[in-house]
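A.B. asks: Sequence:
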Amino acid sequence: MDRPFKKVLVVGAGPSGLLLALLLSKQGIQVEILEAEDHLDQQPRAAIYGTPAIPEFHRAGILDEMRRRGMVLNRMTWRRHQDFTPITGLNNEAVSNLDGLDMRPTTLVLPELDQLMLDRALENGATIQWEHKVVDIGQDDGKAWAEVETKEGTKTIEADYIVGCDGANSQIRKCLFGNDFPGFTWDSQIIATNTYYDFEGKFGFHDTNFIIHPENFFMAAKLTKDKLYRITYGDIPGLTLEQYKERQPAKFETMLPGHPKPDEYKIVNIAPYKMHQRCAPAFRVGRALLVADAAHICNPWGGLGITGGFVDVGGLADCLIGIWEGKADDSILDLYSEKRIEKWKTVIDVISQDNFRRVSDKDPDTLFERDEFLQIVKQAESDDTAMRDLILGSMDVRYDFTQHYKK
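Heads up, the sequence shown is in our numbering, so the first residue is 1031 and it goes up one at a time.
None of these hints come from the bench; they were simulated from the model.
Computed from a predicted structure; not experimentally measured.
No false leads were slipped in.
Using C-beta positions, here's what the derived DEER-type ranges look like:
1. 1432 / 1209: 31 to 39 angstroms
2. 1433 / 1131: 15 to 23 angstroms
3. 1266 / 1408: 32 to 40 angstroms
Derived pair list, reagent style DSSO-like, types lysine-lysine, alpha-carbon separation capped at 27 angstroms:
4. 1296 / 1255
5. 1056 / 1437
6. 1257 / 1232
7. 1056 / 1436
Here a beta-carbon is modelled for each residue, glycine too, at the ideal position from N, C-alpha and C.
Full structure from sequences and hints, please.
C.D. replies: Okay, structure coming up:
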């Protein structure tokens, strides 16, 4: 049959670009990925994928393999810093069987997930071009194109649609809007590490733990069955990577349970990050589209950045597949931009800001009395139905674009 378009150009071989390439290529759509580097990113980044992203992994055909290599997360707990006792927590086992699908959050270190998605996309017929740095894009009524710097020189690559999946510093977004990326940058500095330390065996920690303190707040989230944790914590802003590395042993000794010395844990990698709350003016300009961090960014507390990005991808995939199959016309992409921006403003931005302010609260001793969300979680601890409904409330970040397919 004649198709309304032939090819999608995905810019960026990060998690959002690779999932999009996988979902589209699975439907027989020609996808070419352009990546500026010669390898997948290995830095410690988001590694916990929330309940709203699980349906995307399931339909991509990778959920079982993710869980075989990684793990599901059963409990998320907020803890007091002075003695690390629990305040309250979510029990994700409440969503372990929803119409036959296990909706519990899942973790797999991102380089492994990226490689899995890339391998599957290539098996489906997608292609990737390494060391292809997009410097500009253009479009007319019939096509879009990217101007690309390569080792062999500059070249032009054409497609029907170009999707910017190239992260917070997106060149595609800058081509569309310059430096216009409305929002703000937090004053706080965070440091993300992947660290081996036995939180569970020695201190009874659950899978994901938020320790509340105005200065020594941190998250400890289990990444693998062999006690690798993502430890993310705050530090003073404005230092170099080497300075943060020098400060890390004292930070761990001060803030972690057991006050460990460096020979009691093993850091695999460490990276400082600034936190932002920003959203592009639009996620569609003609044949150019934006998803995930290229479109919007938020602080990482609660995982809404990576989870919201994967949900973006699922929505855009539904729109493009709908066009491909003749079930929708091109205008559904305007709806994609409208609805995903709406979800960022009403869900992702609001909740992620609340999450960070909660973990870094200035008066942890009185937080529970002031925090309606923690009170609701506490009430749900003894009510399985309430717990399930509370966790499924996170599904508000999703939007079903297939409801706009032609009947």
